[in-house]
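All letters in the sequence shown, in the order written, are residues 13 to 147 by this note's numbering.
The hints are simulated quantities; they were obtained by calculation from the structure and are not laboratory data.
Fair warning: this is a prediction, and the values are worked out from it, not measured in the lab.
Backbone N, C-alpha and C define an ideal beta-carbon position, used for all residues, glycine too.
There could be a bad hint or two in this list.
[Unchecked claim] Quick list of simulated restraints, FRET-style, between CB atoms: (1) P66 with P94: 32 to 42 angstroms; (2) P66 with I107: 21 to 31 angstroms; (3) G136 with P39: 53 to 63 angstroms; (4) A147 with S111: 26 to 36 angstroms.
[As the list claims (entries may be wrong)] Computed cross-link-like contacts, DSS-like style, restricted to lysine-lysine with a CA-CA straight-line distance of at most 27 angstroms: (5) K69 with K80; (6) K65 with K76; (7) K80 with K65.
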Amino acid sequence: MPSPTKLVSDNMAFVSTCGGGDWIKLPSGVKKVVPRECRAMIGQVAGGGRTGKPLIKAGDAYNKYRVKRNYWPRVRGVAMNPVEHPYGGGNHQHIGHASTVGRHKVSGQKVGQIAARQTGRSKGTAALMAKKQSA
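Please construct the entire structure, taking both the sequences and the accompanying hints into account.
Right, here's the structure in full:
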């Protein structure tokens, strides 16, 4: 006969064995039958909401990304010089030209909306339907 269910918990209690499994008592007081072959975790994983806490200071973000990869701080293209980015330069921070580029541009020019499906203001559904019916 296999050994009774192993409980690695201080909240649950082993009650007794029955035909195909074991009775365990949960913290709520409910008694359940668990098969002996069952390998399960019951409850919540500790530290589950850790990533939900905001990074209040830049120093917190610095220490977080310092040990990971080199993508922080993220400098915007319009804040750079024109030799560093296609959006750089100018007397104030603006792109200065269309942000759409073709799919077959060389690397270094492909920034912004690459091979955009459409440009300009998007029309409403009624206008699109009218255009389809007229065609």
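Violations among the numbered hints
none
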